[in-house]
Amino acid sequence: MDILLAIAIMALGAVVLGALLGFASVKFKVKGDPLIEKIEAILPQTQCGQCGYPGCKPYAEAIANGDEINKCPPGGIEGVQRLADLLGREVKPLDAEEKPKQIAIIDENTCIGCTLCIQACPVDAIVGAAKQMHTIVAQQCTGCELCLPPCPVECISMQVIGENIDNWKWKYPVVEIKSEMRKAAAMKAAA
Amino acid sequence: MLMNLFKFKGGVKPPTNKTQSVNLPIAQAPLPSRLVVPLHQSIGGMPQPVVEAGDKVLKGQLIGEADGWISAAVHAPTSGTVVEVAMHVQPHPSGLDALCVVIEPDGKDEWIPREPVDYKSLPPEEVRERLQQAGVVGLGGAVFPTHGKLTASKTVPMDELIINGAECEPFITCDDLLMRERAEEVVRGIGIFRDLLQPKKVLIGIEDNKPEAAAAMRLAVQALGESFAVVQVPTLYPAGGAKQLIRVLTGKEVPASKRSTDLGVQCFNVATAYTAWRAIAHGEPVVSRLVTVTGNVHEPRNYEVLIGTPMDELLKLAHPHPDTDGIIMGGPMMGFLVPDRQVPVVKATNCLIAHDDRLFPPKAPEMPCIRCGACAQACPHELQPFEMYWFSRAKNFGKTQEYNIFDCIECGCCSYVCPSRIPLVQYFRFAKSEIWAREREKNAADQAKLRFEFKQLREEREKAEKAEKLAKAAAAQAAKKAAEAVAAAAAAGESGAAPAADTAAAPAVATPTDAPTATVNPEKEAKRATIEAAMARAKAQREAVQPKNVDNLSPEQLKAAADIEARRIAAHLIEPQPADQTAPLDPNN
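Just so you know, the protein sequences line up as chains A and B, in that order. As numbered in my numbering, residues 351 to 541 make up the first sequence, in order. As numbered in my numbering, residues 14 to 602 make up the second sequence, in order.
Bear in mind the hints are in silico, worked out from the structure with no lab data behind them. None of these values were measured; they are calculated from a predicted model. Take the hints with a grain of salt, since some may be wrong.
[As the list claims (entries may be wrong)] Straight-line alpha carbon distances no greater than 27 angstroms define the calculated DSSO-like cross-link-like pairs of lysine-lysine that follow:
1. B:K408 with B:K376
2. B:K445 with A:K449
3. A:K421 with B:K468
Using the sequences and the hints given, assemble the complete structure.
Below is the structure:
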C-alpha cells in the first residue's frame with residue numbers, strides 16, 4: 351500500500367512538473383537564434399557583401415553555421431576579436447586588407463542621372479531621379495563601395511573620413527617609463 | 014546674510030594662487046595683428062559662415078549664423094576685412110583644425126548700429142532669441158548656449174536660480190575682477206534671468222576668498238533694490254562645479270542622469286549674466302571676454318580680450334619670463350596645454366597660464382595603484398575613481414559605466430590626491446570618448462541595418478505588386494480574347510463556315526488560317542492570333558514608312574548618291590539592291 355502511495359505521489363509530481371516545464375517552454379520560447387543576433391550585433395552593418403554574402407545577416411547566419419570569422423573587412427581586426435570572444439574561436443588575421451572608414455562622394459558635374467547607383471545602394475543613401483543629379487547623404491553612407499561598379503561615368507569616388515574635432519578621441523594614457531625615470535633621476539640629482 | 018549652508022563630499026584645497034592677478038584692474042587688450050575667430054564656439058550646432066574672404070565687416074557684425082536652437086551665433090570682434098574662411102588650429106587638446114573666420118582689423122574698431130532694448134517690454138521668446146543672436150553662451154567654461162537654459166520647466170516649479178561666482182579653480186580671477194568692477198551690470202543681467210525663469214529665490218554663490226567681490230555684489234544688489242542673496246561659500250575645490258554649488262547652497266543633490274532643472278534649480282555663471290545684460294541693454298553681441306593672464310609672467314593681470322586674439326600676443330602683454338615653455342588654457346586642475354601658441358582666445362577661454370617647470374614640475378612616473386582609496390575620498394561626486402581606473406585601463410568600458418563614469422566632471426581631485434601619481438582623469442577621458450565613439454558607431458550600424466531591411470522589404474513589395482499587376486493584365490487580356498473568340502464563334506456558327514466538331518468551343522476559337530488544328534487550347538490560340546496580328550501590323554507599318562532624307566533632292570545630289578551606290582557595289586561593300594528597293598531615291602516616285 352505504502353509503495354503504491356509513493357509511486358502515486360511521484361507520478362503526480364512528475365505530471366505537475368512536466369506540465370510546468372511544458373508551459374514554460376511555450377511561454378518563454380526564445381524566438382529566432384540568439385547567437386545569430388549576437389553575431390549580427392558585432393558586424394558593422396555596412397551591407398557591403400565583401401564577405402561573399404548578400405548582407406550582414408546572411409553572413410551572421412553563415413558564421414553561426416561554422417563559416418570563418420575573418421571575412422568582414424569593414425569590421426576590422428577589432429570585429430574579428432569580438433567575434434572570436436563571443437564564439438570562443440581563435441583570432442585570425444583579416445582575409446582582406448583593412449580600410450579606414452570612408453564615404454562615397456558623387457562628382458555632381460559628371461553625374462548623368464542614370465539612377466544605377468541609387469539601385470545599388472543597400473541603405474538608400476543616394477538621392478536623385480532619372481536624368482537629375484544624384485547626391486549622397488553622408489550621414490547614411492556606410493562606405494560599402496557597392497555604388498562604384500554600376501556607375502557608367504565613374505563619377506563616384508571614396509573619401510576617407512579623417513579625424514576632426516567632433517570624432518576625435520582621447521588617447522590611452524601612455525607613459526614612457528624610461529625617459530620619465532631618467533628625468534626623475536636627473537631632478538633628484540639636481541635637488 | 015546668515016544662511017544654512019550644506020557640504021558636498023570630498024574636494025581638495027590646492028594653493029589658490031589668485032592673489033598675483035588681482036592687484037591690477039582689468040585692462041583692455043590692444044587690437045591684435047589679426048583675429049582668428051572659430052565658428053564653433055558653443056555646444057550644439059556648428060554655425061554656418063555668412064561672410065566671405067574680402068568682405069568688410071564691422072565690430073559686432075554676424076559672421077556665423079546659429080545652426081538650430083542649441084547653437085549660438087558668432088560675430089566679428091572688431092571692424093576690418095575678412096582675409097579668409099579656412100581651417101585653423103583650435104584651442105583644443107587634439108590640436109586639430111576647425112573652420113575659422115580670419116579678420117584683419119582696420120584699427121577703427123567701428124561698431125555696427127547697436128539696438129539697445131528694454132527687455133521688459135519684449136515677450137520672453139524674443140529675449141531668448143536675442144540672446145541666441147548675440148551669441149551669449151555659458152562663460153564658466155562649458156559654453157552651453159544660454160537661451161537654451163532660460164525656459165522654465167512646465168512640470169517642476171523653479172525654486173532657485175543659482176548664480177555661480179565661486180570661481181574655485183586656482184589661478185583664475187576673471188570672475189572675481191568682473192564682480193568687483195562691473196557688479197551692477199552683473200546684477201542687472203541676473204535680473205533678466207530672474208524675469209525669464211521666475212524663481213522663488215536667487216542665490217549668488219561666491220567663495221569666501223573673494224570678500225571684495227562679495228561686498229561689491231552686495232552693494233550692487235542693494236543699490237538696484239533687488240532681493241538676491243549674496244552667499245559666501247567655503248573655499249574648497251570644486252565648489253564652483255554647478256552640481257557642487259547647488260548642493261552647498263540648496264542642499265539638493267542632482268542625481269545621476271538628471272538635470273538640475275528636474276529639481277527646480279538653474280545655474281548660470283556671473284560672466285554669462287554680464288554678457289546677457291550687454292547683449293540686451295546695449296545691443297552688443299559677445300565679441301570679447303575677460304581672461305586672466307598669469308603663471309610664469311612678470312605682470313599677471315586680467316584683460317578684456319577680443320575673441321579670436323592669438324594667445325601668444327595676449328601672453329606678451331603680461332611679459333612672460335623667458336623660460337615659459339607653453340600655455341595652459343583654463344586652470345591647473347582642468348585646463349590643458351594648448352597645442353600651438355598661436356591658437357585664438359575663444360568664449361571658453363577664462364585663463365591663460367604661462368607654463369614652466371618651476372610652477373608645474375614634471376610629474377614623477379606613474380606607479381601602480383595601491384588601493385588606498387584616497388581618490389574616492391576626494392571625489393566630489395562620490396564616485397569610486399579607483400574602480401573606474403581599473404576598468405578604463407583594462408578597456409572594460411561596460412564596467413566603467415556601471416560605476417557611473419559619465420557622472421565624472423573631470424575636476425581632477427582624484428589625480429591631485431593620488432599618491433601613485435596616476436593620471437586618473439586621463440583614463441576617464443579616454444574611456445568616455447571611447448564609449449561615445451562606440452555609441453556613435455552602434456547607432457550608425459543600427460540605422461544602416463534598419464534602412465537595409467526596409468529597402469529589402471520595399472523591393473520585395475514592389476516585386477509582388479508588379480507580379481500582381483502582370484497577372485491582372487494577363488487575366489484581363491485572356492478574358493477579352495475569350496469574349497472575342499466567343500463572338501467570332503457565334504459569327505462563324507451563323508455563316509456555317511467552320512467545320513462542325515464535337516464541341517462548340519473548339520471551332521469557336523479557330524482562326525481561318527489554322528482551322529484544321531482547331532482542337533488546341535483556346536487561350537494559346539488567342540495569344541498566337543494576337544502575336545500574328547501584331548507582326549502583320551508591324552510589317553505594314555514598316556512598309557508604309559519611307560525614308561524622308563531623300564525627298565526633294567537636287568539632281569546633283571541624286572547623281573552623287575547614285576555614284577556612291579555604284580562605288581559601293583563595285584567594292585562589294587553591299588549587295589546590288591533590287592530596283593524596287595532603290596526606288597525611293599527617285600524623287601519622281
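Going down the list of hints, with the structure as the test:
no., hint, in the structure
1, B:K408 with B:K376, "holds, 24 angstroms"
2, B:K445 with A:K449, "holds, 25 angstroms"
3, A:K421 with B:K468, "holds, 24 angstroms"
Violated hints: none; the structure is consistent with every hint.
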